[in-house]
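Asks: One-letter residues, chain by chain:
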Amino acid sequence: MAVYERTYRPYSGPQTPERSRFLVLPRYAIREVLRTRMLFAYLMACMLVPLGCAALIYLPYNATFLKTVLEQLGGGIPTFFDWNAAHFFRRFMIPQFFFAFFLVFLIGPALISADMRNNALPLYFSRPFNRWEYLLGKSFVLVLLVSGITWIPGLMLFLLKAYLAGGGWFMDNLRIGAAMLVSWWIFIAVMTLISLAVSAYVKWKPVARLGLFFIFVVGGGFAGILNLTLRTHWGSLFNIGDMIRVVWGKLFDVPEGVSEVPLGAAFASLAVVCVICILLLQRKVRAYEVVRS
Amino acid sequence: MTAVIELDRLGVRFGRRTILNDLQGSLAGRSIGLLGPNGAGKTTLLHTLLGFHPPCNGTARIFGRDIRTDGQAIRALIGYMPERDSFIAGLSAVRLVRLMAELSGLPPKQALERAHEALFYVGLGEARYREMQTYSLGMKQMAKLAQAIVHGPKLLFLDEPTNGLDPPHRRRMIEMIQEIRDTGDVNIIVSSHLLRDVDECCDEALILKEGRVVQYCNLEEERKANRKFIEIETHGDNAVFAEEIGKLGCEYALLNNRRIKMVLPEKIEIRQLYEVAAAREIQIRRLDYKRDSLQDIFLKAMESDNSAQRQAAGGA
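Keeping their order, the protein sequence lines are chains A and B.
In this text, residue positions in the first sequence follow my numbering: the first is 32, and each later residue adds one.
In this text, residue positions in the second sequence follow my numbering: the first is 68, and each later residue adds one.
In short, the hints are calculated from the structure, not lab data.
Glycine included, each C-beta is placed from N, C-alpha and C at the ideal position.
A few of these clues could be false.
What the hints assert, rightly or not - Residues from chain B that keep clear of chain A, each with C-beta distances beyond 10 Å, as calculated:
| # | residue |
| --- | --- |
| 1 | R151 |
| 2 | S203 |
| 3 | K295 |
| 4 | N305 |
| 5 | A346 |
Unchecked claim - Going by beta-carbon spacing under 10 Å, a handful of chain A positions derived as facing chain B:
| # | residue |
| --- | --- |
| 6 | Y42 |
| 7 | S43 |
| 8 | Q46 |
| 9 | T47 |
| 10 | F53 |
| 11 | L56 |
| 12 | R58 |
| 13 | L152 |
| 14 | S157 |
| 15 | F160 |
| 16 | E164 |
| 17 | G280 |
| 18 | D284 |
| 19 | R314 |
| 20 | A318 |
| 21 | Y319 |
As the list claims (entries may be wrong) - To give a feel for the contact side, a few chain A residues facing chain B, derived at Cβ under 7 Å:
| # | residue |
| --- | --- |
| 22 | P41 |
| 23 | G44 |
| 24 | P159 |
| 25 | I307 |
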């Protein structure tokens, strides 16, 4: 069917493997994101903290250079370079947490709502492409973008430190690397599922963003009220942000001071949130809604 | 001819409402029209075949594959043009069609090439870089057709393809459906409540009413049978004239004291009607001659179903 002929002809060319077709969705979505200057600039800004951290790791191992600079400035090598690895990597995660949260806040609410607003779902599901592949594809948009500013730079910093420290540092601190990886994946899973669920239920993007924001703010407020009125700490189970921080603190073995909820309960709370989101998505993401009577 | 779609007591229920009720039949035409009044279940049937709604009983097979077990493989063979507006805001037509082609399994390069071709084919070549929310209703219909054919499906589901089209665009849409049908590579199912669309595009028609099949007819055979329907307007003694043409062997019905509707047998010619009228001094003031149209088939199917229901109710 050459353009100039303008006649219909069937297709008999090659086909892509079915298993990898869900990756078409993140490819299109990420290309759209990178075309938006504001988002592109934001992604660049997200890399400032990892670059700063890389400098903090690098400089102590280049003491001659550092010493010269600091002597010219009139001081010695400050003590903060003798850092504890767990504290360092946990602190690295704090600004990246906010960067990642804001990235999800910007991108997440539009992922499904853009398709639902104009009834595009039948176009997807009338192809050899089911709704679980659709959800996986949409999740991957956030997974890839958030990974790019969270665990990937974190892991690179960890490997840089291991390379510079040499000896047995890598094996001695392997637990920290694993804690960082697991912490970020928990964050990514929870945030992705919540934002997809909100996006599926609220077709208007600004309202979906507000909804996502309120889940955290209202959840936190409700948890605080429960804790105060019932004089307990179990109300924190409704505070998703706190639960993520509890899990992170326990994984890093760094006290967070946010809640006394045990690790198992915090994990269970996040798991329940994920399951609820999956059920909501399973109910909502369909080619057509059916009114049953 | 091998069946394209086999319906095997297919039933669909939404809650307590039965939408499709024990549909049975084997559809084998190159181009099949789904006809029926609003709410007959045409769109639900298409959606069920696409796997959007699970059957509550029975099943259907498309090219021999069961919709209950081979949904994904079946959808690989189908192109679907939905009835309602369907697009992704912020995406140009060419990107949308390309995306859909890639989801159907085409590699990116071929998908882009086919997307351009499909959009040129449906007449949106000049507008293909525009975002779809800026399109008129007619352009959106054409873009929906483009995304349905971009991957070269073996079976095309067109749900109300001429909805919202002005006469020239409707003509173009019908021509495209006919062209695609005539390539011989694609089977087409056209769901429409517009008899004219089905008449022009299809060679078979499945008529649905209240979720049941009331008739499945081969339009080509009906056309070949070529029964001659005549409607006559007379001036004079209508009853006498009717009696005389009855003697000639015509089936007739008196519509009022001036109009008669009749079926002209093969051996009788229209000239003989004029001879009878002249002999009885009756003027034939108007004579309409037509074939058994799809409208007649449709109305008969609806009427026969109504009378069958009345009989069933009386029997009960």
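Asks: Against this structure, judge whether each hint is valid.
Replies: Structure-based check of all given hints:
no., hint, result
1, R151, "5 Å, violated"
2, S203, "15 Å, holds"
3, K295, "37 Å, holds"
4, N305, "52 Å, holds"
5, A346, "58 Å, holds"
6, Y42, "3 Å, holds"
7, S43, "7 Å, holds"
8, Q46, "4 Å, holds"
9, T47, "5 Å, holds"
10, F53, "9 Å, holds"
11, L56, "8 Å, holds"
12, R58, "8 Å, holds"
13, L152, "8 Å, holds"
14, S157, "4 Å, holds"
15, F160, "5 Å, holds"
16, E164, "9 Å, holds"
17, G280, "40 Å, violated"
18, D284, "45 Å, violated"
19, R314, "15 Å, violated"
20, A318, "4 Å, holds"
21, Y319, "6 Å, holds"
22, P41, "4 Å, holds"
23, G44, "5 Å, holds"
24, P159, "4 Å, holds"
25, I307, "24 Å, violated"
The earlier numbered hints that this structure contradicts are 1, 17, 18, 19 and 25.
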